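Novice: Now for the letters of each chain:
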Amino acid sequence: MKKFINDPSAVVTEALTGMAAAHPSLRVDVEQRIVYRARPKGAGKVALVSGGGSGHEPMHGGFVGAGMLDAACAGEVFTSPVPDQILAATKEVDNGAGVLHIVKNYTGDVMNFEMAAELAAADGVEVATVVTADDVAVQDSTYTAGRRGVGVTVLLEKIVGAAAESGADLTSITALAQRVSDGGRSMGVALTSGTVPAAGQPTFDLPEDQMEVGIGIHGEPGRRREPLAPAHEVAQMLVEPILDDADFTQGETIAFLNGMGATPEIELYLMYGEVAKILTDQGVTVARTLVGSYMTSLDMAGCSLTLLTADDELLRWWDAPVNTPGLRWGQ
Amino acid sequence: MKKFINDPSAVVTEALTGMAAAHPSLRVDVEQRIVYRARPKGAGKVALVSGGGSGHEPMHGGFVGAGMLDAACAGEVFTSPVPDQILAATKEVDNGAGVLHIVKNYTGDVMNFEMAAELAAADGVEVATVVTADDVAVQDSTYTAGRRGVGVTVLLEKIVGAAAESGADLTSITALAQRVSDGGRSMGVALTSGTVPAAGQPTFDLPEDQMEVGIGIHGEPGRRREPLAPAHEVAQMLVEPILDDADFTQGETIAFLNGMGATPEIELYLMYGEVAKILTDQGVTVARTLVGSYMTSLDMAGCSLTLLTADDELLRWWDAPVNTPGLRWGQ
Amino acid sequence: MADAWDVPLLTQWLTGFRDAVDQAGEELTALDSAIGDADHGSNMQRGLAAAVSAVTDAPPADCGAFFKTVGMSLVSNVGGASGPLYGTLFLRMGTVAGTAETLAIQLFGECLQAGLDGLVQRGKAQAGDKTMVDAMLPAVRAYDEVAADGGPMVSALTAAAQAAAQGRDGTTPMEAKKGRASYLGERSVGHQDPGATSMTLLFETAAKVFA
Amino acid sequence: MADAWDVPLLTQWLTGFRDAVDQAGEELTALDSAIGDADHGSNMQRGLAAAVSAVTDAPPADCGAFFKTVGMSLVSNVGGASGPLYGTLFLRMGTVAGTAETLAIQLFGECLQAGLDGLVQRGKAQAGDKTMVDAMLPAVRAYDEVAADGGPMVSALTAAAQAAAQGRDGTTPMEAKKGRASYLGERSVGHQDPGATSMTLLFETAAKVFA
Ligand SMILES: Nc1ncnc2c1ncn2[C@@H]1O[C@H](COP(=O)(O)OP(=O)(O)O)[C@@H](O)[C@H]1O
Ligand SMILES: Nc1ncnc2c1ncn2[C@@H]1O[C@H](COP(=O)(O)OP(=O)(O)O)[C@@H](O)[C@H]1O
Ligand SMILES: [Mg+2]
Ligand SMILES: [Mg+2]
Ligand SMILES: [Mg+2]
Ligand SMILES: [Mg+2]
Numbered sequence: 127m128k129k130f131i132n133d134p135s136a137v138v139t140e141a142l143t144g145m146a147a148a149h150p151s152l153r154v155d156v157e158q159r160i161v162y163r164a165r166p167k168g169a170g171k172v173a174l175v176s177g178g179g180s181g182h183e184p185m186h187g188g189f190v191g192a193g194m195l196d197a198a199c200a201g202e203v204f205t206s207p208v209p210d211q212i213l214a215a216t217k218e219v220d221n222g223a224g225v226l227h228i229v230k231n232y233t234g235d236v237m238n239f240e241m242a243a244e245l246a247a248a249d250g251v252e253v254a255t256v257v258t259a260d261d262v263a264v265q266d267s268t269y270t271a272g273r274r275g276v277g278v279t280v281l282l283e284k285i286v287g288a289a290a291e292s293g294a295d296l297t298s299i300t301a302l303a304q305r306v307s308d309g310g311r312s313m314g315v316a317l318t319s320g321t322v323p324a325a326g327q328p329t330f331d332l333p334e335d336q337m338e339v340g341i342g343i344h345g346e347p348g349r350r351r352e353p354l355a356p357a358h359e360v361a362q363m364l365v366e367p368i369l370d371d372a373d374f375t376q377g378e379t380i381a382f383l384n385g386m387g388a389t390p391e392i393e394l395y396l397m398y399g400e401v402a403k404i405l406t407d408q409g410v411t412v413a414r415t416l417v418g419s420y421m422t423s424l425d426m427a428g429c430s431l432t433l434l435t436a437d438d439e440l441l442r443w444w445d446a447p448v449n450t451p452g453l454r455w456g457q
Numbered sequence: 127m128k129k130f131i132n133d134p135s136a137v138v139t140e141a142l143t144g145m146a147a148a149h150p151s152l153r154v155d156v157e158q159r160i161v162y163r164a165r166p167k168g169a170g171k172v173a174l175v176s177g178g179g180s181g182h183e184p185m186h187g188g189f190v191g192a193g194m195l196d197a198a199c200a201g202e203v204f205t206s207p208v209p210d211q212i213l214a215a216t217k218e219v220d221n222g223a224g225v226l227h228i229v230k231n232y233t234g235d236v237m238n239f240e241m242a243a244e245l246a247a248a249d250g251v252e253v254a255t256v257v258t259a260d261d262v263a264v265q266d267s268t269y270t271a272g273r274r275g276v277g278v279t280v281l282l283e284k285i286v287g288a289a290a291e292s293g294a295d296l297t298s299i300t301a302l303a304q305r306v307s308d309g310g311r312s313m314g315v316a317l318t319s320g321t322v323p324a325a326g327q328p329t330f331d332l333p334e335d336q337m338e339v340g341i342g343i344h345g346e347p348g349r350r351r352e353p354l355a356p357a358h359e360v361a362q363m364l365v366e367p368i369l370d371d372a373d374f375t376q377g378e379t380i381a382f383l384n385g386m387g388a389t390p391e392i393e394l395y396l397m398y399g400e401v402a403k404i405l406t407d408q409g410v411t412v413a414r415t416l417v418g419s420y421m422t423s424l425d426m427a428g429c430s431l432t433l434l435t436a437d438d439e440l441l442r443w444w445d446a447p448v449n450t451p452g453l454r455w456g457q
Numbered sequence: 171m172a173d174a175w176d177v178p179l180l181t182q183w184l185t186g187f188r189d190a191v192d193q194a195g196e197e198l199t200a201l202d203s204a205i206g207d208a209d210h211g212s213n214m215q216r217g218l219a220a221a222v223s224a225v226t227d228a229p230p231a232d233c234g235a236f237f238k239t240v241g242m243s244l245v246s247n248v249g250g251a252s253g254p255l256y257g258t259l260f261l262r263m264g265t266v267a268g269t270a271e272t273l274a275i276q277l278f279g280e281c282l283q284a285g286l287d288g289l290v291q292r293g294k295a296q297a298g299d300k301t302m303v304d305a306m307l308p309a310v311r312a313y314d315e316v317a318a319d320g321g322p323m324v325s326a327l328t329a330a331a332q333a334a335a336q337g338r339d340g341t342t343p344m345e346a347k348k349g350r351a352s353y354l355g356e357r358s359v360g361h362q363d364p365g366a367t368s369m370t371l372l373f374e375t376a377a378k379v380f381a
Numbered sequence: 171m172a173d174a175w176d177v178p179l180l181t182q183w184l185t186g187f188r189d190a191v192d193q194a195g196e197e198l199t200a201l202d203s204a205i206g207d208a209d210h211g212s213n214m215q216r217g218l219a220a221a222v223s224a225v226t227d228a229p230p231a232d233c234g235a236f237f238k239t240v241g242m243s244l245v246s247n248v249g250g251a252s253g254p255l256y257g258t259l260f261l262r263m264g265t266v267a268g269t270a271e272t273l274a275i276q277l278f279g280e281c282l283q284a285g286l287d288g289l290v291q292r293g294k295a296q297a298g299d300k301t302m303v304d305a306m307l308p309a310v311r312a313y314d315e316v317a318a319d320g321g322p323m324v325s326a327l328t329a330a331a332q333a334a335a336q337g338r339d340g341t342t343p344m345e346a347k348k349g350r351a352s353y354l355g356e357r358s359v360g361h362q363d364p365g366a367t368s369m370t371l372l373f374e375t376a377a378k379v380f381a
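Chains A, B, C and D are the protein sequences, given in the same order.
Counting along the first sequence from 1, when you hit position 213 you're at 339 in our numbering, and nothing is skipped either side.
Counting along the second sequence from 1, when you hit position 151 you're at 277 in our numbering, and nothing is skipped either side.
Counting along the third sequence from 1, when you hit position 129 you're at 299 in our numbering, and nothing is skipped either side.
Counting along the fourth sequence from 1, when you hit position 159 you're at 329 in our numbering, and nothing is skipped either side.
Hints in this document: simulated from the structure, not taken from any laboratory.
Where hints are given, some of them may not hold.
Residues from chain A shown here face chain B by an in silico Cβ test under 8 Å; the list is partial [as the list claims (entries may be wrong)]: (1) 132; (2) 137; (3) 266; (4) 268; (5) 363; (6) 390; (7) 429.
Across the chosen pairs, the derived CB separations fall in these ranges [unchecked claim]: (8) 294(D) - 301(B): 36 to 46 Å; (9) 375(A) - 335(B): 48 to 58 Å; (10) 354(B) - 354(A): 22 to 32 Å; (11) 247(B) - 373(A): 51 to 61 Å; (12) 360(C) - 366(B): 50 to 60 Å; (13) 356(A) - 228(D): 26 to 36 Å; (14) 297(A) - 320(C): 56 to 66 Å; (15) 170(B) - 294(D): 48 to 58 Å; (16) 336(C) - 406(A): 53 to 63 Å.
Remember, it's a predicted structure, so these values are computed and weren't measured experimentally.
All residues carry an ideal CB built from backbone N, CA and C; glycine is no exception.
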């Protein structure tokens, strides 16, 4: 295992320590593993809390700041945070207008946020929850755990964060969040496995000439293994299942090509070029683009594509100023 | 070789195509491999042109935009651009106030920019040049090629870009650039070798328990090989030679911890935490911090540390608004 | 030897479970690497270390307090799926155990049933979904059968441990419907479930306490 | 056979050089991987493909035009260190060759000397710095010696090629002082210089034209 770490069990705490040192705009409770804004949002506004396992940086801690999250809870690597953290963060950021929990659809995340929401409600904090589940690699079914929440989570935190900053109430914020969640679809592919520090070796072996198609963000194997293919074929494998699952030819789309942690920008741009070509051919109008490593899977080489249906309102929230370590524009 | 590419010889062109698709704020001449701002800077202002081999993204193309570069020339992977490109870019962005070439100290880069500058001068464009050479791993000497230009280049492009935006003239811009170049020191370490697409295999073999200390940004082996060490020891190997080479205890410092392409943010933050601890112990006051992968070496896992002495003027330019794909803040 | 649990014996059980999970840590993580995210071993190790600390730092007054302390430790220290699941299991056992200072074969059976109900309520997994439920459900049934015949405890727990192990082995050919393994679809077939594996250790170490 | 270069023979030389570099492409890149950045093979291949296209698409009128076309092609298509270096070498040869339609042994020697001077001026490398100069310098000296004795061309070029090869081999024990390899310091010792290797191919293919 080749990583810049000390003790594998201290990785999360030590990374948060570095994050705190690097970003005066954040207040990091290293003990409880919660990232807050140094300057909390004004009173009377809905607060957004997210979190999840570590290893996905900049998500979620890097998305704390004006126009996005109010707090992020960091779990162990690939392990959702515990209810205590989520409860503490929720109570801390509540401005009296209620708190939205943004949860990615994984059994552990859902259960831990659920327990925290129950405890927060018992303490008199109004909590609503949105669960993202945009990964088309997994078939949706009421008998299973359902789809994984992946790339749309980043877009949702940006869009809903802007709306919350504007002072919208919890009901409309929750409805907006659900609308974003419903409108997003993602698909991912991995060229290498990541290595969980505590495990010390790659989660799976992937021969030099193979790739995993339909992966999530926890270093897990994907839905199927395929021979390594040129970028233009991989682009097809990303776009096709998304367009098969939902219609993106009506209205406009936000396209998000995400790196999994060990894929450099030159490859991401090249891949986005291939994706953009196919989208144009398929009649998808891309109104906004995000290319970069925003939701990673430790040191996995790979990428995922997320498409989100966007109307004028969504685009307005997307364009609104954001000032976080991970996403920053406008003022 | 596991990469999102098609034909290895088309990597640069195809990545530029994707970049153009992703960023309406850029105008990309894919043919000539030059990245321009879509909206050129106002007349009468000094223009900044940089460039170098590809494989270092977001540097330099990702630093084109308001507050930073006017144009960036992309060479083949790890191969400096040719004079034709640099000349074309220089003539295109000249506003009559002259052009500063920002060149990293590599034989190829220096010679190609030199030839372009001669040709531009012959065409009546006033060109000044700053050559960055901040890598303390290489001993400086008039008999050798000198030190490599690494991390300080990013900081220089930001700082000098802000000054150029303010309308300062070429003489003062060049002096400022030289001052930044002189005040920066860097040191890098690699955990894995990158793979040049055209070569098809890693540039060097690095056993699982070894690392390369004193690397540059071209996937080359470093000054020495060391047993893999925990992050706090690696931090020491980065900080020590820098502080041995220059005094950073007077005044303030900008600290830049850079990822080499395949190192995820969680490790960079952890490493920065270790670096920050040592800097504090050594009496270095960090006024500003940048942590992220801004000057990469394809898919190399590793990082580099850059320290830059900064007075109030430099910090003011550093804080000034910048709006590029790679660096963005203020407005 | 007594034929009922008390706080010292429960502590012995917990310590034994922690040791067994420590020993099996790499195996659990390897199983979770194949069909999950390579953390079940470290998750359980972290949680059980905290639980053992909690009950040794401030020994609980009764069996209910013991289970609640363990449950809260797991909920507060594990995270992921196994934290709330194992946590709820122990919390519910604690509710049934109440202030009892000993748990004889009948009452302990009721605790187990409550724990299983809590686990199922929390995770909504059914038998055959390839989860820890596939080890616990048959274990509780086997325990109940022996308990209905009057025991002794060691027989009931041994039967439970054997049934758990069988249930665990039975997860291998299953296609996962719940938890991370479900994302793999058919590719989850042929791998043993990590949660069912740790659950089996829970019953095996229980049986050893009375052996 | 004629004992002087003309445009067709120069074209044959260039094509031969391109083929040799294509053949040795992987070796050149491997050498550059050890002490550089793994691109000397692809750099030279790209540049020579462009140069060959240029002189075949529009055959130059004279030897000077030939060298200038080659030099410009290399400068405009290679980049890196070898682009300006090889480019300058050929451009300077072109200046001396001027409008000559043939280059006999004497004039060709002057061309080589000018090329070498340009290379050294551009790169500022001295003998012993572990660069392509370490192959070209002895090659030009050896050529001159035979030329001073009146030739023939094949002997002068063969001597040059042998001296280049010797110079190339001599780079192995050197510690690099110029170019990327210099960053490696002592670690550059024990590796053959890629630029000296391609330069040797240049002289070897020249000799073959008259063989
Ligand atoms: N819905 C569920 N009901 C019961 N058990 C479950 C459920 N989901 C997952 N599990 C169990 O949890 C185990 C995985 O635990 P762990 O790896 O610690 O958490 P995570 O899946 O969050 O990484 C699985 O092997 C399975 O036995
Ligand atoms: N200053 C110099 N003078 C002469 N030759 C040089 C100089 N610097 C580098 N070289 C030659 O260039 C070769 C490397 O060329 P190449 O790999 O194509 O360019 P780069 O070093 O820019 O990647 C070296 O092997 C060496 O022979
Ligand atoms: Mg997990
Ligand atoms: Mg090069
Ligand atoms: Mg797991
Ligand atoms: Mg090279």
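Novice: All hints are to be evaluated individually against the structure, with a verdict given for each.
Specialist: Taking the hints in turn, this is what the structure says about them:
1. A distance limit of 8 Å between C-beta atoms decides the matter here; for residue 132(A) the minimum to chain B is near 4 Å, and the interface restraint holds.
2. Hint status for residue 137(A) relative to chain B: holds, with the closest Cβ pair at about 6 Å, below 8 Å.
3. Against a cut-off of 8 Å between C-beta atoms, the interface hint on residue 266(A) is violated, since the closest Cβ of chain B lies about 28 Å away.
4. About 35 Å separates the beta-carbon of residue 268(A) from the nearest beta-carbon of chain B, more than 8 Å, and the hint is not met.
5. The interface hint given for residue 363(A) is violated, since its Cβ lies 11 Å from the closest Cβ of chain B, which is over the 8 Å cut-off.
6. Interface hint status for residue 390(A): upheld, as the beta-carbon distance to the closest one in chain B is roughly 4 Å, under 8 Å.
7. Given hint, residue 429(A) at the interface with chain B, holds; its Cβ is 7 Å from that chain's nearest Cβ, closer than 8 Å.
8. Against the hinted window of 36 to 46 Å, the Cβ-Cβ separation of residue 294(D) and residue 301(B) comes to about 26 Å, which falls outside the hint.
9. With their beta carbons about 53 Å apart, residue 375(A) and residue 335(B) fall inside the hinted range of 48 to 58 Å.
10. The hinted window of 22 to 32 Å between residue 354(B) and residue 354(A) holds, with their beta carbons roughly 28 Å apart.
11. With their beta carbons about 57 Å apart, residue 247(B) and residue 373(A) fall inside the hinted range of 51 to 61 Å.
12. Taken as a hint, the range 50 to 60 Å holds for the pair residue 360(C) and residue 366(B), whose Cβ atoms sit roughly 51 Å apart.
13. Checked against the hint of 26 to 36 Å, the pair residue 356(A) and residue 228(D) passes, with Cβ atoms roughly 35 Å apart.
14. Separation of residue 297(A) from residue 320(C) is about 58 Å and conforms to the stated range, judged on CB atoms against 56 to 66 Å.
15. The supplied range of 48 to 58 Å is broken by residue 170(B) and residue 294(D), whose beta-carbon atoms lie about 37 Å from each other.
16. Separation of residue 336(C) from residue 406(A) is about 57 Å and conforms to the stated range, judged on CB atoms against 53 to 63 Å.
Consistency with the previously given hints fails for numbers 3, 4, 5, 8 and 15, ordered from lowest to highest.
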